[in-house]
Structures are given as C-alpha cells and as structure tokens.
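Input sequences plus hints: build the corresponding full structure.
Listed below are the residues making up each chain.
Protein chains: 2
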Amino acid sequence: MQTLPKELIQKKFPNLEDQLLDELLAQSTLREVEEGEEVMRSGQYITSTILLLRGLLKVYREDDEGNEFLMYYLEPGNACALSMMCTARTEKSQIMVKAVSDAEVLLVPSHFSELWLGKYKSWHNFVIASYRQRFEELLQTLDSIAFKGLDERLVFYLKRHVKVSGKQVKLSHQQIADELNSSREVISRLLKKLEQTGAITLHRNYIEVHDLSIV
Amino acid sequence: MQTLPKELIQKKFPNLEDQLLDELLAQSTLREVEEGEEVMRSGQYITSTILLLRGLLKVYREDDEGNEFLMYYLEPGNACALSMMCTARTEKSQIMVKAVSDAEVLLVPSHFSELWLGKYKSWHNFVIASYRQRFEELLQTLDSIAFKGLDERLVFYLKRHVKVSGKQVKLSHQQIADELNSSREVISRLLKKLEQTGAITLHRNYIEVHDLSIV
DNA sequence: CTCCCTCTGTGACTCTTGTCACTGTGCTTG
DNA sequence: CAAGCACAGTGACAAGAGTCACAGAGGGAG
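So the sequences go chain by chain: A and B.
Numbering follows this note's numbering, with no gaps: position 213 of the first sequence is 213.
Numbering follows this note's numbering, with no gaps: position 53 of the second sequence is 53.
Hints are all accurate, no fakes.
FRET-style restraints, in silico, Cβ to Cβ:
| no. | chain 1 | residue 1 | chain 2 | residue 2 | range |
| --- | --- | --- | --- | --- | --- |
| 1 | A | E195 | B | T201 | 48 to 54 angstroms |
| 2 | B | K192 | A | G36 | 44 to 50 angstroms |
| 3 | B | Y45 | A | H210 | 33 to 39 angstroms |
In silico DSS-like links for lysine-lysine, alpha-carbon gap of 25 angstroms or less:
| no. | chain 1 | residue 1 | chain 2 | residue 2 |
| --- | --- | --- | --- | --- |
| 4 | A | K119 | B | K119 |
| 5 | A | K119 | B | K121 |
| 6 | A | K121 | B | K121 |
| 7 | A | K148 | B | K98 |
With the Cβ distance kept under 7 angstroms, some of the chain B side facing chain A (calculated, not the full set):
| no. | residue |
| --- | --- |
| 8 | F69 |
| 9 | K121 |
| 10 | H124 |
| 11 | I145 |
| 12 | F147 |
In case anyone wonders, no lab produced these hints; they're calculated from the structure.
Source: prediction; values computed, not measured.
Ideal Cβ positions, reconstructed from N, Cα and C, are used throughout, including at glycine.
See the structure below:
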C-alpha cells in the first residue's frame with residue numbers, strides 16, 4: 001500500500017467531484033500489478049470495481065475450453081465496466097484482465113460503487129460513460145469477428161495495438177494468435193503477406209508497423 | 001396516437017417512480033409498429049430512447065456491405081440500450097431494430113432521457129440495469145460467434161428463439177441464414193442434421209422444435 | 001387443375017482456416 | 001563454442017463454410 005495523492009486521482013479522473021475523491025481515498029485500496037500479472041481471473045468472484053491509474057490493461061474473454069480473445073484495452077482514467085456489473089455471474093464464459101505493463105489500479109469495493117451511484121452525480125455519470133464507451137468498443141470487436149476475415153482482423157488488431165502502445169509491437173506470433181483465437185502458423189502466413197505489401201517489417205519477437213492504412 | 005394508460009406503463013416498468021411515470025406520459029410519444037417494420041434504421045440519427053411496451057423486437061448489427069446478424073431480442077419492459085447512447089455515431093457499422101410482431105414502443109426524446117438520469121433515481125437505476133443486461137447478452141452473442149462453429153451457433157439461435165417466441169419457429173431457412181450472417185444452403189444442411197437427431201422437425205416455412213438440449 | 005413462384009434439398013467445387021510435420025535460425029546458457 | 005530452446009517459415013492435408021447449379025415440392029392465383 002502506498003500513499004494515494006489526491007491530485008493524481010483527480011488528474012486521471014477529472015470529472016469526479018471533490019467529495020467523492022475524498023471518499024475514494026478513504027474507501028478504496030491501491031494495488032500495484034506487474035507486467036503480465038492477471039488483475040482479474042476467470043470465474044473469480046468480483047467484489048471490486050477496478051479503476052486504472054497507471055499502465056495498460058487488456059481485457060479478454062475466455063470460454064470453458066481455454067480459448068480466449070482480446071476484447072479491448074483499458075488506459076489510465078478508464079474503469080473496467082465488467083467489474084461494475086457485480087451480478088452473480090455463474091456462466092462458464094468469463095473475463096480475464098491482464099496487465100500489459102506495470103500498472104496501478106484502484107479497487108473500489110462493490111458496495112461503495114453501488115452506493116455512490118445514488119450519492120454522487122459525477123460517479124453515476126462516470127459509470128454510465130464507462131458503459132457506453134465499453135459497449136462501443138465491444139461492438140467494434142464484435143464487428144471485426146462477425147464480418148471480417150482473419151486477415152482484416154489482424155490488421156484491426158495491429159492498429160489497435162499501435163494506438164495504445166506504439167509502432168513497436170513486442171509480441172510473438174503465438175501471442176497474437178492467442179489473442180485472435182487463431183493459430184500461430186496462420187498468423188505467420190498473414191503477417192508475411194503484410195510484410196510483402198510493405199505495411200510492416202517482421203523481426204524476432206517484435207513487429208515494426210509502418211503504415212497499416214495502405215492494406 | 002393513442003391514450004396512454006399510466007397503469008400499463010407502470011405494469012411493464014414497475015420500478016419507475018410515480019412522478020417519473022407522469023413525466024413519461026407527458027413527454028414521450030407512443031408509436032405503434034407493425035410486424036416486420038423497422039423501428040430504427042442503420043445510419044439514422046438517434047433522437048429518442050426506445051421503451052418497449054408490447055410485442056417483440058429484434059436488434060441487429062449491420063455492416064456497410066449489407067451483412068447483418070442478430071444481437072438480441074427486446075421484450076416488453078426492456079429498453080434499447082443503444083438508443084440511450086446518443087453519442088454522435090459516425091461509424092459505418094450500425095444498428096437496426098425490427099419488430100418481430102406488432103408492437104408498441106414509447107419514444108422518449110433523448111433530451112429528457114439524459115435529464116432524468118440526474119432527476120430520478122429510479123430512471124438511472126433502470127438505465128444502468130439496461131446497460132448491464134444488454135452487455136451480458138452481447139457477450140453471449142459474442143461468445144457464440146467467437147468460439148463456436150456454425151452448428152452450435154444455430155442451436156444457440158434456435159434456443160433463444162424458442163425462449164421468446166415458442167417452439168413453432170416461423171422462419172424460412174433464408175431468414176435464419178441472414179440472421180446468422182451465413183448462407184441458406186449451409187443452414188439447410190445443418191437443420192437437416194438436427195432433424196436427423198430428432199431435435200427438430202422441418203416443415204415448409206417453419207420449424208418445430210422438440211428438444212435442443214439433446215444435441 | 002395448371003402455372004408459377006418461393007422454399008427446400010443436394011452434389012460439386014473453392015477458399016479460408018486449422019493442424020501436422022518438419023526445417024531453419026537466432027539467442028542464451030553452460 | 002556447443003547444446004538447447006523458443007520463435008519463425010513452409011508444405012501438405014483436413015475440415016468448415018460459402019457459392020453455384022439445378023432438381024423437387026408445396027401453396028396460391030387464376
């Protein structure tokens with residue numbers, strides 16, 4: 001546990017009212033997570049709303065057979081919408097949140113998260129805005145899966161990665177395949193094609209993105 | 001325009017507070033839609049939140065090439081979560097809401113919908129509950145597309161249909177294919193297989209569902 | 001009853017994606 | 001330096017799904 005400078009939270013979540021910030025400081029706990037660590041695991045009981053202060057998180061969907069795919073990223077100032085839906089989720093398919101880089105998250109006990117919905121206007125605005133934003137992103141992911149071939153999905157995936165982490169994509173083909181719920185060989189082939197168009201350059205363990213709009 | 005009996009709304013939306021019901025009566029308009037009519041069309045500018053009083057609606061996702069697939073159903077007492085996100089949606093991919101049966105919808109101008117979020121606790125609870133419910137359903141749809149083959153998706157589709165409309169599925173193979181974003185021949189073949197297991201019986205223009213749990 | 005149109009069934013073919021097997025390659029570690 | 005290992009490339013094959021062509025079958029309209 002570290003000290004929680006109010007200014008930091010205020011900076012990342014500028015729309016929350018002052019009194020709420022005080023309650024946030026009082027009731028929530030700060031957690032530091034390391035790169036690669038799972039912030040939230042499938043099947044786990046959700047007791048806190050997750051607010052991201054620093055770092056980058058990935059949110060995956062998993063099924064009961066170990067398959068997974070990337071739904072979207074969370075950046076500082078975002079909240080995990082799914083952690084706000086503390087309905088009793090007894091389904092098989094579940095959510096996994098993993099830290100892409102070292103990160104700091106603020107854990108708000110669900111109890112307060114619910115309470116504040118009625119108490120603080122800025123909180124319920126924030127929650128509704130979060131839902132909307134995640135809904136939109138989820139729809140985009142859904143589109144790409146439902147309507148596009150794997151080649152286009154790969155481009156979509158790379159574009160999104162570039163947006164949050166820059167043009168040096170430090171991932172192996174296997175990792176990309178996992179996040180697209182595909183297989184390594186197929187991804188290798190498609191990446192090779194992309195390289196031939198000049199959109200990317202392949203290296204060992206990382207990909208250099210030049211221009212994905214030309215594809 | 002018909003008269004709007006307050007009792008009817010109260011019955012379908014039991015959690016809305018009394019004063020809000022009065023405002024609802026005052027500010028919203030009732031619209032009757034016929035079977036097959038499109039309540040909301042792709043690309044259209046969304047100016048109202050849709051509350052369903054009677055009938056059954058289907059919500060589709062469409063892309064720019066005319067492809068579509070069914071996201072979920074709306075039943076009386078539900079609201080179209082997407083119509084609540086009146087953010088400027090300039091994307092190509094869009095939403096379409098179609099009436100499965102004759103239906104009555106209540107159109108609440110977005111202005112009031114937003115206003116009430118702060119004014120009525122029961123309204124913002126309702127909105128948040130709607131988001132959650134749709135989010136859950138969307139995730140289920142996403143799962144079936146991402147992780148399952150077309151055969152399982154077809155079963156999922158039929159199950160959902162049975163839940164909202166009963167065991168007499170009055171749809172042609174072509175319609176089903178469209179809603180799964182597939183093709184008629186493939187659906188015909190898969191249905192034939194299902195019939196051979198005894199789960200369903202095929203007729204002209206409708207399917208009789210016996211037991212989909214055995215598949 | 002007959003014509004016609006829509007719906008359904010089926011075989012043949014293609015394309016995409018996944019799987020298997022194997023090779024090569026560069027980094028790391030002893 | 002040599003061995004080992006994860007990563008990457010590639011060909012061959014299989015399975016799933018989409019497309020094309022066409023044949024029946026059923027129902028409605030005249």
